[in-house]
Amino acid sequence: MLNVAICTLFCLWLIVILLFHINKLKFFEFIIGTIGFFIFSMIFGKRFLSDEITYFTTYTLSLISSLVGGFSVYVEQFSVTIQRLNEVLSFYISYECSGLIEILVYFSILLFYPIFTLMKRIKYAIIGVVYIMVCNIFRILFVIYSIKIFGNKAFFLSHTVIGRIIFMGLMTILYYKVFTKNHIFKRGINNVLQGI
Amino acid sequence: MFYKVFNQVLLWGSWLILPVLTEIIRNIRLIIFTIKHSNDTENPLDYFPFVTILIPVYNSSKTLKACLQSIANQSYPVENMEVFLINNGKKDESYKIFQEFQSESSKLKIWWLGSGSGKSKALNKGIYSSNGKYIINIDSDGWLDKNAILNVVKKFEADREINCMTGVVLTDPELIEKTKDKKLKLLQLCEFFEYMEGFLIGRNFQSATNTLYTLAGAFSCFRKEALLKTQLYNSVTLGEDTHMTFQIRKFVGGKVLLCNNAFLYVDPIESLDKLYTQRQRWQRSELQVASLFSEFHSGCFLDIFKKSNMRLLILDHSIAILNLIWTFSMIYFYFIGYPLKYFIISQLFLYSLYTFNSFVYSFISKEFLGKQYKTKRYLKKKRYIVFFMVWYRLINYMIRLAGIINSIGTEAEWNTKTLSYELKQVKEMFKFKKLKQNLKR
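Top line first, the protein sequences correspond to chains D and Y.
Numbered according to my numbering, the first sequence terminates at residue 196, and the numbering increases by one at each position without gaps.
Numbered according to my numbering, the second sequence terminates at residue 1441, and the numbering increases by one at each position without gaps.
Any given hint might turn out to be false.
Said to hold, decoys possible - The list that follows gives simulated cross-link-like pairs (lysine-lysine, BS3-like), each with its CA atoms no further than 25 Å apart:
1) K1307/Y with K26/D
2) K1341/Y with K46/D
3) K177/D with K1307/Y
In short, the hints are calculated from the structure, not lab data.
Only chain D is shown next, with the shape it has when bound in the complex (with noise of 0.2 Å):
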């Protein structure tokens, strides 16, 4: 029943969509597409593609920890644990710290962002899935090295703010390099200006 009406909405969204854009409603267009295309892509992409991402990540964690040590990685549980003297933590790598909304939000804008080709697009998209994931893996190294040196009490604020904060940079880059230069800057003065 649930599925159901997920799909008609879906369909009534992409129709929505595709009558702003005839009617030119360009900034409309774009509310309604992004938030929307988050939404059920989140919808989606817990169901389908969470646990995926999360082997991905995982994984790629415990080819690190097989080179350089320090931690150990559990892939099918989507754990890690890090031992330091007497102390012993681990901690479960979920949806929320695998990237995926993260993916999910910079691909819903740049779908909807209107300066870009699809080729131009698809090339973003490579590239954006690529740099969050190696962004989202390079806080989660944060946080291990963190408790690693500090020891468990350094757990929340390495992974609840600063690993946050360092994040949160990293992505700036990312919407900075991709939104912000390619409208203001690499689209030639002129059709700034014009709004060409």
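Following the hints, put chain Y in place on chain D, whose structure we already have.
Relative to chain D, chain Y alone:
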């Protein structure tokens, strides 16, 4: 439960917290700077340089007399001022008002000039005709505080490195009180607080660090010799004031500051439609100027620590786009199984943070109002508006986002489509006949 909620707030709300945190940090720095410089005094003037005041006139018959009267009432010697009214297009009663005023106030030298259509052409005509050491541009729908010109000249004379300044532009509380429509009055009160924050906090801080982003077009002041080194005003962008600011920075250098004790009071916004077109224009002009002066706005990412304009552009563009999803994403809490109370608590937390910030702004602004006692009393009386500022900021944010999106693929015009017109188009779109037509296409 606290850690769980806090973690979720930061997961879904970090991007929303970022702008308000940067403002709180700025407020602290501004307070420290103000305390440090609270004993600085300006020396009284021992001579009064000649000042030219330029007033572009367009559809100004209702407000021109009050504007001219405020200049005639200035504490600055009237014989050391000249005023140019530059008519840039519309034929209304303005010329008659000029004639009447000229006969009433014979001491003030007022000239009437005609120019081609457009504010830029009007201002350039005035600049070429001016004799003053300092040139002050004001909009015809505003009136100056008694000591505005004196304070501007004092500041220029005290520091040779200052090449241009903006005064403080506030909306007129008396006109707000005359508004009968309650919704419009609420919008105007929010705008009043916004201008207060924008000038007395935002521009004050930027001025303290010589990083002022834009002069206010309604009240900008120049050292004439500096102005003549630029390419003057043009209509290449929609924001001739911002364009001029960057011209000064690029071609002349020196300081571009806020004169925080020179006040101009202007009409409050007439409608939501006017706000919609105005803010889109401001956003669009910011992007145009960023493109024209890319050396100030771009570079490698580490330049973010050196270039304040780059930081501003990132906040106003890169993070603004991102924030669209995060603004609405918290509703997702509920759909992924979190208790409704998490969603409510996180919303309340964000609301409190933004409201607390607006409260702090209102207290700091009051200190910077100086001898504007009527405005201070009005601010104190209307302080409850801080509880509405979150919604006003959200409306402004959405309008500016519209400006970003509509700047692509639509011609750069002074007046874009209004919100009412676009909503009407949306309504029409869903009517059966039009729907059938559109789907056939």
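Hint check results:
1. Between K1307/Y and K26/D the alpha-carbon distance is near 32 Å, which puts this suggested pair outside the 25 Å criterion.
2. Distance restraint check for K1341/Y and K46/D: the Cα-Cα separation of roughly 22 Å lies within the 25 Å cut-off, and the hinted pair is therefore satisfied.
3. For the suggested pair K177/D and K1307/Y, the alpha carbons sit about 16 Å apart, so the restraint of at most 25 Å is met.
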